[in-house]
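Keeping their order, the protein sequence lines are chains A and Z.
Taking my numbering, the leading residue of the first sequence gets 1, the next gets one more, and so forth.
Taking my numbering, the leading residue of the second sequence gets 1, the next gets one more, and so forth.
Wrong hints could be hidden among the right ones.
Stated by the list, open to error - Listed next, the in silico BS3-like pairs over lysine-lysine satisfying Cα-Cα at most 27 Å (straight line): (1) Lys241(Z) <-> Lys59(A); (2) Lys399(Z) <-> Lys59(A); (3) Lys148(Z) <-> Lys485(Z).
None of these hints come from the bench; they were simulated from the model.
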Amino acid sequence: MSVDKDTVRKVARLARIAVPEERLEPLSKELNGILAWIEQLNEVDVEGVDPMTTPVAMKLPMREDVISDGNIRDQVLANAPKSEDGFFVVPKVVE
Amino acid sequence: MTNLTKLTLADAVDGLKAKKFSSQEITQAFVTEIEKSNATLNAYVVVTGEKALEMAKASDAKLAKGQGGRLEGAPLGIKDLFSTKGVRTTACSNILGEFTPTYESTVTQNLWDAGSVMLGKLNMDEFAMGSANETSRFGPPSNPWRRKGSNVKLTAGGSSGGSATAVSADLCLAATASDTGGSIRQPAAFTGIVGIKPTYGRASRYGMVAFASSLDQAGPLAKTVKDAALMLEVMCSGDKKDSTSLHLPVPEWTKSVGKSVKGMKIGVPKEYRVDGMPEEIEKLWQQGIAWMKAAGAEIVDVSLPHTKYALPAYYIVAPAEASSNLARYDGIRYGARESGDGSLTSTYETTRAKGFGAEVQRRLMIGTYVLSAGYYDAYYLRAQKVRTKILQDFEEAFKQCDALLTPATPSAAFGYGEKGDDPVAMYLNDIFTVTANLAGLPAIALPAGLDAQGLPLGLQVIGKALDEESCFKVAAAIEDAAAFKARPEKWW
Chain A
1 MSVDKDTVRK
11 VARLARIAVP
21 EERLEPLSKE
31 LNGILAWIEQ
41 LNEVDVEGVD
51 PMTTPVAMKL
61 PMREDVISDG
71 NIRDQVLANA
81 PKSEDGFFVV
91 PKVVE
Chain Z
1 MTNLTKLTLA
11 DAVDGLKAKK
21 FSSQEITQAF
31 VTEIEKSNAT
41 LNAYVVVTGE
51 KALEMAKASD
61 AKLAKGQGGR
71 LEGAPLGIKD
81 LFSTKGVRTT
91 ACSNILGEFT
101 PTYESTVTQN
111 LWDAGSVMLG
121 KLNMDEFAMG
131 SANETSRFGP
141 PSNPWRRKGS
151 NVKLTAGGSS
161 GGSATAVSAD
171 LCLAATASDT
181 GGSIRQPAAF
191 TGIVGIKPTY
201 GRASRYGMVA
211 FASSLDQAGP
221 LAKTVKDAAL
231 MLEVMCSGDK
241 KDSTSLHLPV
251 PEWTKSVGKS
261 VKGMKIGVPK
271 EYRVDGMPEE
281 IEKLWQQGIA
291 WMKAAGAEIV
301 DVSLPHTKYA
311 LPAYYIVAPA
321 EASSNLARYD
331 GIRYGARESG
341 DGSLTSTYET
351 TRAKGFGAEV
361 QRRLMIGTYV
371 LSAGYYDAYY
381 LRAQKVRTKI
391 LQDFEEAFKQ
401 CDALLTPATP
411 SAAFGYGEKG
421 DDPVAMYLND
431 IFTVTANLAG
441 LPAIALPAGL
451 DAQGLPLGLQ
461 VIGKALDEES
471 CFKVAAAIED
481 AAAFKARPEK
491 WW
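One chain only, chain A, in its complex shape (with noise of 0.2 Å):
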């Protein structure tokens, strides 16, 4: 499988990475690279081999139902780049 350049100026959309146009060729060989490499798994046999999911089976804990955390708004926007009167600003979403 190769990744082209227009491959990968679909992929940098899809991750949300503005990429120059003069770098999508190099990016195109430093992924087909890595690609390349990681097509060895085709030689392991997989077949009705379940995915690994732990090594120490545990059931999925469930917690109760119950707010345990709320009421810190200043602490969640403490970090924000930018927010007003309490909430997030944000570019125009909507015109």
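Once you have looked at the hints, place chain Z on chain A.
Relative to chain A, chain Z alone:
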């Protein structure tokens, strides 16, 4: 009182309890040493000297009354991956800006509850992605070790390079670290110290900046096997805030240190003899085998046939999980924001393009690609199945033995830039360590000798799931036999 910084953690804790010196004295000694050395070594990215002395004062008050926790008054360094309330935590990434948590990670909370003192936050690869600590936004630390007769700056390994540098250069008694593919054990080997990654789930991941959630595990870097055991006992706990943490009692691992290995069966996996491995590593391994035999253990040849597939599987699973975890960095709720052309999409895309370094971007792209429509089964699902095969290899091997002995790394510490710019060449550093992450098993690395250039080399002991005890027993026996006392010559 000049040598307080050179004490082991266990000796320092005993000295504090016996009131041979105060926490304020030892803390001040470390703060002074950090002030002198950090500009050169770049181990700390935040120094919390004042906070440290306040904590030390509180510890002294407790110690004076004969009270205090297991690590009361002991100064530690914290990898910048652990959220620390009120102290900047960025995982050494620009995207986190000046992020200052309003909460504390469970692992560090456990350490403070036991009375330890925080000296500051330690350098690391950005989001723990790297094997040389060169992807940090703050630049790389310098390994205190150098080749004989050379002043070439060497890497302390990665991603926990700052933690390893600080412990090895006596800038803290011990440090926290984290290990996703070898990030505790490879730096331990490169700096002549001890590091253990426990069984997946032993330590809570709450408040740790996430990289690959099914692989990430916290552990300590320390000067001795006993110190590592003491740190790990305090760090581990079942935690309601992390649903993958194990709600099991934490064993008294410090008591495993010094127990006889007589009659234990130690497996030697033939697949860990890789092409191009320096002869010195092979020699060290044989030496380790001889030490175990002399201590009364039985050596068993075992096979882990899927070893060669571990790294390729890792480079699917880890980037895939990272691409999902790091989706949270959108420039909206915390961290740095770039506006681009002012639209929402452009805000996301430019924030992430400016905030993430090249290696992180590369891995996010790989992760996004392997998870994208039509590829999930071919890549991620297949890799997770290969993980099962790797775990089955271990389970087979452990039918014949109690623990495995391997080299920790395929080479000694290298110089920055010596690996060239092929990412895959850098990835191969983790060839001996990554299997334990994929299988979730405990593994410890410790120094066992020096190479011809005078650099430390490490051995690794891998245990069964939940059997850290065997790791500590075997490691302590090797530590005893190796009597590794070499220290880096002070040049900084």
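Here is what the structure says about each hint:
1. Lys241(Z) <-> Lys59(A): holds, 16 Å
2. Lys399(Z) <-> Lys59(A): holds, 25 Å
3. Lys148(Z) <-> Lys485(Z): holds, 17 Å
No hint from the list above goes unmet by this structure.
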